[in-house]
Structure formats: C-alpha cells, structure tokens
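Take a look at the letters that make up each chain.
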Amino acid sequence: MKVHEYQAKALLAGYGVPVPRGEVAHTVDEAVAAAGKLGSLPVVVKAQIHAGGRGKGGGVKLARSIDEVRDLAGKILGMRLVTPQTGPEGKVVGKLLIEEGLGIARELYLAVLLDRTSAAPLIMASTAGGMDIEEVARTRPEQILKQVCHPTLGLLPFQARQLAFGLNLTGDAFRAFVKLATDLVRAYVALDCSLAEINPLVVTNEGKVVALDAKLSLDDNALWRHAEFAELRDLSEEDPLEVEAHRFRLNYIRLEGNIGIMVNGAGLAMATMDLIKLAGASPANFLDVGGGANAEMITNGFKILLSDANVRAVLINIFGGILRCDVLAEGVVTACRELAPKLPVIVRLTGTNVDQGREILSRSGLDFIVATDVADAAAKIAALRLGEVAAQAGANR
Amino acid sequence: MSILIDGNTRVVVQGLTGREGGFHAAQMAAYGTKVVAGVTPGKYGQQVNGVPVFNTVRDAVRASGANASIIFVPASLAADAVMEAAAEGIGVCVCITDGIPALDMVRAKAFLKDAPTRLIGPNCPGLISPGKCKLGIMPGPIHLPGPIGVLSRSGTLTYEVVDQLTKVGLGQSTCVGIGGDPIIGSNFIDLLELFEADPGTAGVVMIGEIGGTAEEEAAAWVRAHMTKPVLAFIAGQTAPPGKRMGHAGAIISGGKGTAAEKMAALAACGIPVVKNLAELGRMAKEVFAKVA
Numbered sequence: 001m002k003v004h005e006y007q008a009k010a011l012l013a014g015y016g017v018p019v020p021r022g023e024v025a026h027t028v029d030e031a032v033a034a035a036g037k038l039g040s041l042p043v044v045v046k047a048q049i050h051a052g053g054r055g056k057g058g059g060v061k062l063a064r065s066i067d068e069v070r071d072l073a074g075k076i077l078g079m080r081l082v083t084p085q086t087g088p089e090g091k092v093v094g095k096l097l098i099e100e101g102l103g104i105a106r107e108l109y110l111a112v113l114l115d116r117t118s119a120a121p122l123i124m125a126s127t128a129g130g131m132d133i134e135e136v137a138r139t140r141p142e143q144i145l146k147q148v149c150h151p152t153l154g155l156l157p158f159q160a161r162q163l164a165f166g167l168n169l170t171g172d173a174f175r176a177f178v179k180l181a182t183d184l185v186r187a188y189v190a191l192d193c194s195l196a197e198i199n200p201l202v203v204t205n206e207g208k209v210v211a212l213d214a215k216l217s218l219d220d221n222a223l224w225r226h227a228e229f230a231e232l233r234d235l236s237e238e239d240p241l242e243v244e245a246h247r248f249r250l251n252y253i254r255l256e257g258n259i260g261i262m263v264n265g266a267g268l269a270m271a272t273m274d275l276i277k278l279a280g281a282s283p284a285n286f287l288d289v290g291g292g293a294n295a296e297m298i299t300n301g302f303k304i305l306l307s308d309a310n311v312r313a314v315l316i317n318i319f320g321g322i323l324r325c326d327v328l329a330e331g332v333v334t335a336c337r338e339l340a341p342k343l344p345v346i347v348r349l350t351g352t353n354v355d356q357g358r359e360i361l362s363r364s365g366l367d368f369i370v371a372t373d374v375a376d377a378a379a380k381i382a383a384l385r386l387g388e389v390a391a392q393a394g395a396n397r
Numbered sequence: 001m002s003i004l005i006d007g008n009t010r011v012v013v014q015g016l017t018g019r020e021g022g023f024h025a026a027q028m029a030a031y032g033t034k035v036v037a038g039v040t041p042g043k044y045g046q047q048v049n050g051v052p053v054f055n056t057v058r059d060a061v062r063a064s065g066a067n068a069s070i071i072f073v074p075a076s077l078a079a080d081a082v083m084e085a086a087a088e089g090i091g092v093c094v095c096i097t098d099g100i101p102a103l104d105m106v107r108a109k110a111f112l113k114d115a116p117t118r119l120i121g122p123n124c125p126g127l128i129s130p131g132k133c134k135l136g137i138m139p140g141p142i143h144l145p146g147p148i149g150v151l152s153r154s155g156t157l158t159y160e161v162v163d164q165l166t167k168v169g170l171g172q173s174t175c176v177g178i179g180g181d182p183i184i185g186s187n188f189i190d191l192l193e194l195f196e197a198d199p200g201t202a203g204v205v206m207i208g209e210i211g212g213t214a215e216e217e218a219a220a221w222v223r224a225h226m227t228k229p230v231l232a233f234i235a236g237q238t239a240p241p242g243k244r245m246g247h248a249g250a251i252i253s254g255g256k257g258t259a260a261e262k263m264a265a266l267a268a269c270g271i272p273v274v275k276n277l278a279e280l281g282r283m284a285k286e287v288f289a290k291v292a
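Here the protein sequences come in this chain order: A and B. First residue of the first sequence: 1, per the numbering used here; consecutive thereafter. First residue of the second sequence: 1, per the numbering used here; consecutive thereafter.
Extracted from the complex, chain A is given alone in its bound form:
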C-alpha cells in the first residue's frame, strides 16, 4: 500500500525522523492559511499524488510570498499532473503539502528496502541526493553505500557510522545522520514497510539533517496488524476496478490490451498474458482468482473483467487443483447467464473434475469456445485477429 508524502512524513516523524514543518491543504484557502501558520517565507507548495517525479511535472513550486502561494495552489490543485511514473494520462491533484522552505547545503539519498538475497532490510545511502537513484546505480554504482541490517537487531551503531563517514559528514550533521538512519530502520520495521525512501535527505545551512521528501510503501501482507493504516488509504489514487476486485479478494490489475483474462494462480496468469502477446494480441488485465475460489468469486471476477470497456474477448485458463473445474464452470455459466456478454469467451479447463466442468459448459447451451490446451487457446486467440483490430483502431485515432 502506498501513502502520500505528507502521511509518510507524519509516520516517520513519529519515530524521530526530522521533517520540515508543514501542513496538508485541500483548497486554496487552506493552502494560504497553512502558509500563514508557518510564519516564514519562502514556502514550498507540493502536489500530493502517489507517484514520483512530481517536480519535473511542475507539481512542486517555491512561493516567496503569500500571494504566490495563492496563485500556485490555484494552479496545482486540480491539475492533471503527468510524471514519468504516472503514465501519459497523469493524475489529478487533490491535495497539497505546504511546507517551510529550508536553506540547503547538501542533498543526500537514504532508503531502506527488503533485500531478498540476505533476507534482511538493507539501508542504502548516497551523496547523489535528489537524483534518479536508478540512474546513479547504473552509471556510478560506487557512489551508493549499503549496509545489511541485522534481522532482529536492526541497524547497529557502527554501521550507521560507516554510512555517515562514507557520506563525508562531520560534527552535528554526522551525529544527526547516525540517529536519523537508526530511527529510519526502526520505523521501517515497526511500520512493516516494504520501502522507505528519503530523496533528498538534506543537510541544512545550519547543519541539521532533514527528510525533505519521503516515500513509504507498506507491506500489504502486514496491514492486519496496523489498523491505523486504514484511514491512510486514498482510494482516489487507485483504479476503481482494482479496488472493486480487492473487495472480492481477487487479484486484478488493469492493463492496456483487449483480451480479458481470468486464471487461477499468479504465475499461470502472467504466463497466460505472455501467451496472448505471442499470439499477436494483448491482455486487458491480470486476474488471478486464486486457488480457493468459489463460484461467487468467479462470477464477480467475470463481472469485473467485463466492466473494462476495452475488452473484446475473454480467455479463461484454469488448471484445476484445489479449485475444481466443475466449480469454475458453474461460476462462469452463472456469470454468462446474468451478464450475457456479446463477445467470444474461450475456456481452457484441465485438472481436477475437468470432465464434469466441460459437461456443465456444454449443457449450458451458451456459446463457449472450448480450448483443449494452452497451444489451442493461443491458436484460438490468434484466430480472432484482435491484435489487428487494435492496431487498426490505433491507426484510425
């Protein structure tokens, strides 16, 4: 789960990480009031959306007067902000963070993430703050310092000092950084983060170390032990169909193509997407109904994938193990009776109770296209020539 910058800063501040003074604003008046409360100029007006690269897209601006705050807030609120991470459609800005401007001496980078290889949190620091860290990792990997945290003890003081020396920090800034890095790892663990990133982490002209930006991703698997996170969720940042699917315990991700898919199991769902691409078409979604799906979940899944107006055909690919083919078939028949989709539905079933499943499909009197295996399913997708339809539509646009 992603949270906004202002929420991430509030969470981190709770663990002692210094952040700039600031307040969230939903309207121009609130923005002006927030700037007034800060009592100092300049202030920074920052768009709050769940995507990085906001500065490049014009979503972060410095205001030197209250009038400028009013002007900038009016321009940024409601704008469709396009950044390298939003995709071409961008995201509409509904909230601003109004923050005190700081005198910046140095910009650093600091992040904690989960290192799969060492099975522990990994803290990364760099003198190349404020830049695209992936670019730094590619071109100047020697500028990235790393420490693997202890799986239960966290970041040890000597490790924090090694990072601070590596960043050429001295005096107050050195001590402040050691505390901040330790607190950041403590927060990462206590909040069940999958990523905690501060870019840039700044050293101010006064020698203070402050998180000028903050990005947190919280582990979806751990949300049950953080009831307080429920109110941090901003559904307006998520795809409505994905939110709907989540309610039915379905794993759905919307994609760009026109073949809707429903599969049991994430690996097989990804492989089915790939299969469609190789057949010259393009998947409209990822939908994993899981191993334990019942007829109702199948029906709901089918409804959701048909709600996508781009869908021109459906491919159902089920390898029955725990999810029996007869259960799947009943769900599909129920959904088709209810929704009466006027598009081709290709069904590939195999595994547990496959004969009963196929029987249910053929007895239904509905017009399913039955595929015997994945090769056959791919051939039937190719025969629909929907890739060409999509390309033609694109050319016409």
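A hint or two may mislead.
To be verified - These stretches of chain A come out as covered by chain B in the derived footprint (C-beta under 8 Å, 3 or more residues):
1) 8 to 22
2) 115 to 129
3) 273 to 283
4) 342 to 354
Think of the hints as simulated: they come from the structure by calculation, not from any bench. Since we're looking at a predicted model, the values are computed, not measured. In this text, a Cβ means the ideal position worked out from N, Cα and C, and glycines have one as well.
Since the structure of chain A is provided, determine the placement of chain B on it from the hints.
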C-alpha cells in the same frame, strides 16, 4: 531416487483441524504419504480422518516420529509455526500459507540459521516425489515418476509445466514449488544443488518469474557447477513495472527484475529458455533427449 522426500517421509500437519489442513492431509494420505500426526494448540486428543492431533510439534514428533511438516495455519501465526517446526528438528518443513508479512519471514529465516530444517515456501504448493510422497497441495494424478526435477516460484503454472512434461513422457524425480514471496526458505540454488547430487535426476526444468534476482543468481550457479541440463521458463514477459502481480515477490521495481533481463541472463549462461509456454513440453523433449 528423489530429493528431500520419499516413501520413508513421516509427516506432521500443522493446522490439521482447519478446513485446508484437513482436506489436504486426506489428499496427501490418499496419494500414499505417511501422514502421522497433526498439531493445533488446544486440540490435543482429537482425531482428523484417524490422524491424532497434538498441542505442540514437540508432542507430535515424540509420539509419531514425524520428520517432515506441512503448515496450513493462518498468515498471522505461520512464521511462528515455521520456527516451532525448526526448534523440534523437523528435517523438511513446507509452508503453504500465503500472505505472511515479509518481516515475519526475515525473523523466521534468521531463526532457521541454527536449525537443521530445510524450509520450502511460504506461499507455495509444496513438493512431490511422484509415486512416493506428496508433501503439498498439487493434484497428484498429473505427475509421473521419472528423471526430471522441476523447480518453480509458482503453483498452477508448475502444474501446467508438469502436465506438459508428463504428456511428452518425461516423468519427474521431485517437483518443488519454492514460493512466490520475496523471502523464502529455499531458493533455486539450494535445490539445484540437491538435484545435481541426486542420481535419480537427469535434468531440471526451472520456472521463474519477474521480481528479484534469484533467476540470475541461479543461472550463474548453473554455469559454474551444474553438469545436468537445465531448461528455463520465465513468466511475466508482459507484466507492467511497479505492479505486484499476485505474488508478493512478483514485482518489477526500480526497473529491475524484468523477464527480459532474466531470460538474457539465463541464455548468457548457456541455459535454453522457453519463450512460449505452449512449446515447453516439446522443447523439454529436445533438451533432455540425451539424458532421459
């Protein structure tokens, strides 16, 4: 021959009294697996399909001589169940449970360092040595005893692959689902080592997916240490970056962990890579023609 489990494996089911645990314990027993005990705290004295239930893994092991365990307990309790199995010296522990917080697994894995236990999973279908023992939730009948080892981060995709292998007459020594989470007990390399050492395994099919660098690391290991042929498949060639594709570990983040990168790394290490899932069985027949 096979790896990790065979006809002598004695299984304790952690979470036997739950719906999933009870169902799959019966399925495993029907396959011929020796399911000797169950554990659910507070339910000592009960029986499920004739299998006695104990309060602790310690009691279950003492009474039944179990040397393997399979875990079906809820995600919030699963890491503790793994550590309990490890503390009692269980040799092979399979954790089926999906949705365990990643940091719980960080701590459990640290605990396992001092234990003799090999953990498979979590968030996995388990493993099967066809004809001998099933310690998992996969459909038994699709498997065929034979010389091919199968390794995968996925569940149903593994069934698809096994089904294709069986249909072209390539039986399996052991099939292992290592799990779709970012932190898992055993990685590809751990199991490739076992397959390399197993006289009953002539070649290995490795099924990876987007996210992390486990496939790249495995590719380098295969080039340096493996004498048996390996065939690979990577799911997620069309997956968009930044989206978690069902499995907690299946995400392209920071531009890393793409299928293209993994396929290139595998090919660079001389490992044939199947691009089209529909062709896996046919390619396996070619690649393993000399050894199987």
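Hints and how they fare:
no.: 1; hint: 8 to 22; verdict: violated (count 0)
no.: 2; hint: 115 to 129; verdict: holds (count 5)
no.: 3; hint: 273 to 283; verdict: holds (count 8)
no.: 4; hint: 342 to 354; verdict: holds (count 3)
The structure fails hint 1 only (numbered hints given earlier).
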